[in-house]
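S.K.: With the sequences and hints as input, model every part of the structure.
Chains as they are written, first to last, in my numbering: chain A, 905 to 1115; chain B, 725 to 1092.
What the hints contain is simulated information worked out from the structure, not anything from laboratory work. In this text the structure is predicted, and so the values were computed from the model without any measurement. Check each hint, because a few of them may be wrong.
Stated by the list, open to error - Pair by pair, the computed Cβ-Cβ distance ranges are:
1. K1041(A) - L957(B): 43 to 49 Å
2. I949(A) - W762(B): 26 to 32 Å
3. G948(A) - V803(B): 46 to 52 Å
4. K1044(A) - S1003(B): 24 to 30 Å
5. K863(B) - L943(A): 41 to 47 Å
6. S1071(B) - L943(A): 47 to 53 Å
We put the CB at the ideal spot given by N, CA and C, even for glycine.
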Amino acid sequence: MTTTHHHAHHFASANDEFEAAKQGMWVFLVTEVLMFGGLFVAYGIFRGLYPDMFHEAHKFLAVNMGATNTLVLILSSITMVLAVTATQRGRRDRAVLFLVLTFLLAGCFLVVKYFEYAHKFHEGLLPGGYFVNQELKDPKAPLFFSLYFVMTGLHMVHVLVGMGLIAWLFRRTARGEFGPQYYTPVELVGFYWHFVDLVWIYLFPLLYLVG
Amino acid sequence: METQKPAQESHGHHHILSTEVALGVGFALLLLTGLTVWIAGVDLGRLNFLVALLVASVKAALVALFFMNLLYDRRENGVIFGTSFLFLAIFLVLTATDLFFRGDVAVKGPLTAFAQSKTAQPKVARPWVATPLLLSQGKMLYSQQCVACHGPEGKGDGPAAGSLTPAPRDFTRAGGWKNGRKPSQVFKTLVEGIPGSAMAPYGTLPAEDRWALAHFVLSLGEAPEADTDEDLLKVGIDVKGGGQVVQEAPSIPLEVAMRRLTRPEPRAAKVGAKIEAESAGGRLYLARCASCHGEAGEGAIARVSGTLDAVRLRTAPLSASQAVGSPAIFESIVSNGLPGLMPGLASLNGTQLSELREHVRKLVAAQQ
Chain A
905 MTTTHHHAHH FASANDEFEA AKQGMWVFLV TEVLMFGGLF VAYGIFRGLY
955 PDMFHEAHKF LAVNMGATNT LVLILSSITM VLAVTATQRG RRDRAVLFLV
1005 LTFLLAGCFL VVKYFEYAHK FHEGLLPGGY FVNQELKDPK APLFFSLYFV
1055 MTGLHMVHVL VGMGLIAWLF RRTARGEFGP QYYTPVELVG FYWHFVDLVW
1105 IYLFPLLYLV G
Chain B
725 METQKPAQES HGHHHILSTE VALGVGFALL LLTGLTVWIA GVDLGRLNFL
775 VALLVASVKA ALVALFFMNL LYDRRENGVI FGTSFLFLAI FLVLTATDLF
825 FRGDVAVKGP LTAFAQSKTA QPKVARPWVA TPLLLSQGKM LYSQQCVACH
875 GPEGKGDGPA AGSLTPAPRD FTRAGGWKNG RKPSQVFKTL VEGIPGSAMA
925 PYGTLPAEDR WALAHFVLSL GEAPEADTDE DLLKVGIDVK GGGQVVQEAP
975 SIPLEVAMRR LTRPEPRAAK VGAKIEAESA GGRLYLARCA SCHGEAGEGA
1025 IARVSGTLDA VRLRTAPLSA SQAVGSPAIF ESIVSNGLPG LMPGLASLNG
1075 TQLSELREHV RKLVAAQQ
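M.R.: And the structure:
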């Protein structure tokens, strides 16, 4: 039971519109790869220059919280996929359910992140010039935490945007705007969400596990 | 291809991922997460990093191929996405091959083999013998360290020379060299400086560099007398024994020097009271330190303006320095200098150092 979607007039068919939108999304994701990539290159260079400092500093990160967040994001990717397939199959109620679950799991990620950051602030493990921790003595340590906060912070901003998009999808799905004939926004927001998961899949080991 | 035909145009990539595959891939991702956490606890040395990256890449591939549908989608999308990683790799590799192969920066870590500074590995076995290589090395060093006082042609007419008494040595003339004009004697001058003049010791330069400078400076005038074995023995070279026995003055690590450079501008000190040179420390200070640090340690423009590199050295008031509180730091800085910034007074003995420190302490107290 979907509202009929009329494809834009400059496309020959609804399918062309769908393929074009999808490819546009992939091109956007390429720009995202290079954006996070810049930060990863910075990480790589400074890690190569100060490997001992990175090793010392990474011990101050909470691995269990990072691992929990990894599991949370993977679960949210599963529910996101299931939301997309439910929409493709016309199962609106299930689609709504899975979208809500994805949203809640994203919320969990933020909660864990909140506790992580709060602990860092409490310990004085802050970026750059604000670093005041007494235990970690390496003079270059603020550099590690600059990278940590910028990389996870930028990622967190992406999670927030994703949550907004999922909420938008939830509203439109509940109003019956999607179905087997037209599910493009659901699929594409799904891609965005999987990309956010993908970035975290690299962030977690590089920051928390191997320092 | 598609399990459910949409009402309108049904061709195209509308693959619906089956629930089994979705859950299976998801489960695999959870398992791989556990694996990567576990294996991080196993010490594999260098491999830990590679293994972590490998597991992460497998997970990423699963997400991209199944969750993001690339396995079933038109080829272009996969190529587009893959190309971004290619460009990222170019970004990383080109940056790394530049940075980690620069020879002029001393870095710590496993890449040190690629980034050794010249000071760490003397290349010349017998630097007390002049060679074209040493001469060109000396020329480069001269243009950085000496030209400000001794002038571009070594005539003692550099931009900073005008205010100096005695005037800087004119290398084109043979007469008047305080220590003599043999290479070992010029080397000695570079080690000790000339007390009572503005010629500072350059103990922080590695021995090879000092020999290179000696040879270059002598090449500006007529050919010098050769060193005898006894001459060389006086500067710590045992020619028969085949080696250099002089103790190298240790230089401070780059990080420490950088940290000192990045300290914020200190607030202007209250004008220090003029303290007469009644003590031995005071006399030493006025002779060796005041020209750069100011008569009352208030800081000054070191008379090195207008060098080839347009470097202007302005010293901060001595009260801003950490050195005065700690005898060890003070002696280290004064004896060894700060590379590139301050020459060291390697010839001072312990008594002179503590007298100097006492005087500086008085100056700093007056500035508070």
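S.K.: Of the hints stated earlier, which fail here?
M.R.: 3 and 4
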